[in-house]
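Visitor: Let the sequences and hints guide you as you build the complete structure.
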Amino acid sequence: MRQLKFSQALNEALHQEMERDEDVFVLGQDVGKMGGDFGVTKGLWKKYGEKRVIDTPLSEAAMLGLSNGAAFTGLRPVVEIMFADFITECFDQIVNNSAKAHYMFAGQLTAPIVLRTANGGGFRAAYHHSQNPEAWLMNIPGITVVAPSTPYEAKGLLTASIRSENPIVFFEHKMLYSTSGEVPEENYELPLGKAKVKKEGTDVTVIASMKMCEYALKAAKELEKEEISLEVIDPRTLVPFDKETIFDSVAKTNRLVVAYEAPKTGGYGAEIAGLVNDEMFEFLKAPVKRVASLDSPVAFSPKLEDHILPGYEEVLNGIKEVIDY
Amino acid sequence: MGLNVDKLKQMYYHMNLIRRFEEKVDEHSKKGDIPGFIHLSIGQEACQTGVMHVLTENDYKFPDHRSHGICLLSGSSKEKVMAEIFAKKTGLCEGKGGSMHIADVEVGNMGNNAIEGSITATSLGTAYASKYRDEDNVTAVFIGDGTCGRGELHESMNMAANLKVPLIYILVNNGYAISTRAEEAHSFPEHLSDRAAGYDMPSEVVDGNDVKKVYNAMERAVNRARNGEGPSMIELLTYRWQGHFSGDPASYRPGNEVEKWKEEKCPIKNLRSKLENKGVQAGTLDKLEEDALKEVEEMVEFALNSPEPDLEDATKYIYAEKYESMKEGE
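Order-wise, the sequence lines are chains A and B. Position 137 of the first sequence, counted from 1, bears residue number 137 in the numbering used here, the numbering being contiguous throughout. Position 299 of the second sequence, counted from 1, bears residue number 299 in the numbering used here, the numbering being contiguous throughout.
Honestly, the hints are just simulated from the structure, not real lab data. Do not rely on the hints blindly, as some may be mistaken.
Below 27 Å or equal to it, Euclidean Cα-Cα: the simulated BS3-like pairs (lysine-lysine) are [said to hold, decoys possible]:
{"#": "1", "chain 1": "B", "residue 1": "Lys316", "chain 2": "A", "residue 2": "Lys42"}
{"#": "2", "chain 1": "B", "residue 1": "Lys322", "chain 2": "A", "residue 2": "Lys42"}
{"#": "3", "chain 1": "B", "residue 1": "Lys164", "chain 2": "A", "residue 2": "Lys33"}
{"#": "4", "chain 1": "A", "residue 1": "Lys33", "chain 2": "B", "residue 2": "Lys131"}
{"#": "5", "chain 1": "B", "residue 1": "Lys164", "chain 2": "A", "residue 2": "Lys47"}
{"#": "6", "chain 1": "A", "residue 1": "Lys51", "chain 2": "B", "residue 2": "Lys164"}
{"#": "7", "chain 1": "A", "residue 1": "Lys225", "chain 2": "A", "residue 2": "Lys285"}
{"#": "8", "chain 1": "A", "residue 1": "Lys194", "chain 2": "B", "residue 2": "Lys316"}
{"#": "9", "chain 1": "B", "residue 1": "Lys322", "chain 2": "A", "residue 2": "Lys243"}
{"#": "10", "chain 1": "A", "residue 1": "Lys51", "chain 2": "B", "residue 2": "Lys131"}
{"#": "11", "chain 1": "A", "residue 1": "Lys47", "chain 2": "B", "residue 2": "Lys322"}
{"#": "12", "chain 1": "B", "residue 1": "Lys322", "chain 2": "A", "residue 2": "Lys194"}
{"#": "13", "chain 1": "B", "residue 1": "Lys322", "chain 2": "A", "residue 2": "Lys196"}
{"#": "14", "chain 1": "B", "residue 1": "Lys316", "chain 2": "A", "residue 2": "Lys243"}
{"#": "15", "chain 1": "B", "residue 1": "Lys131", "chain 2": "A", "residue 2": "Lys46"}
{"#": "16", "chain 1": "A", "residue 1": "Lys46", "chain 2": "B", "residue 2": "Lys164"}
Note that this is a predicted model, so its numbers are computed, not measured.
Guide: Below you can see the structure in the form of structure tokens.
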């Protein structure tokens, strides 16, 4: 099958959805003429014009406000927040309007927006261009948090997100943009709120999203040599979380590692550990292990960044700890 | 549309309706029948009435949190507005909204909001939607003098003017952001709305206690918006008679300031004397006042006799669409 880069897969989803539905429009900084900082909105401005592809000023609050208000009338905005760190600039709109409009007005309004944003370290871009703020969003009932790990999933999940009635924050790990994989040409949706078992196994369950998924799959290959069988699950949607798939896996393996790039404290791994502790305690043969960032800002020095953020080695060691417990 | 005597009489009725409504809400808030924070607009009735008489049900309205009158005059069932404030299931938002979060989308009330300034950003979107669909409805967003400190307002004004969307900012300047006067916390040449000039946006300042002047200014702004000439700001100079919230003694205000506004600049008295000068009988006006009170009393009865939400409503409407793996109640 045809190979596409992660960024191209996202771009194709946007092209196909804008073609399919004229209520879909795109806004963000440099998404028009330039085609987006990471090239995800390439070609849209030329094809659909400035009404449907808006180059905005540096005004994240107004961008999200415009998105919410337009969505209240039935339009389907896809807003690009160039770096996930900048979510702080529009947090009020997400927390107090996108997430609550449907609830506080008793279903009269919906905010079917998609906020796309680039997260994650590895670019040596430090404090304000490297964060993983998914846990900030997970504590807001009403928001759906999507986090793909492959080009195939990027396209299918973005398509589903655009078609969803719910407000969605869609994370794009910036170290994944140039990764390649098979992507069908036709448009398709992948289910939101549903995890994907990326590799079946029997000894340890590893939950890993975005960039961490790659490390988990690599660890699975490595540990096969020692006849250790990992089951690797990509949650794909962090909220709502697919408990069923994870619980079925833990019931089988009795061991769980959660790998995430955000600071360990209060991260989504902490939530999963809590859930498994509440409902699966009797199945566990070892404590749930969290492999995560140090509780530190993402430093500028490459040496420090690599020490702070979890990589392949940390994932592998975390898994071994659980096996040796 | 001109302002003939019949229209002014209707406005007189509406201004009385808002005042009686606010008085009753205040009374029942203090009695404990109404939960939460209540922000009253007694003294500001001309602002709400003048603006709402220009707008239609097709226009988008974003009331701020001192806007019961906007909700009342949007075309909603008025008893449902009251029931909402009483947190009753029969309210416009099934008791989930309350005084600070009332929407009635059918009549273009897109919901008030308890984060001052938040709706200035959101209102960009409905205004952009009108332009997107080439429709001639406009969006009106209500803000106070305190909101002029919010960054969202400035982001919104900049984008609205740049995109030329049909949006009207109604700056109800009632003199105080809780206890702080605008000149104590802001910097501006003469009026807060002078800032509009910086965004190449027309603005005007009018006496917010003169309902005719409010109406006329709003009509000019709406006409500009409907003609594709973009956003405007109108600043309505007014005064709130009571504290910031129901129960605030407002001791931060000097001497006889409140009495002076009540005596000299009551918007209802002003309109009454204008109507009497036009030959409307005192008895006719008294009757309108009585009818307004009666209508409000009926709203209170309805609210008092309505049921509270059911416990299972607590998790209703969190998601607009449930996903495959979600179970009921989650």
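Visitor: Of the hints given before, which are not true for this structure?
Guide: 1, 2 and 11
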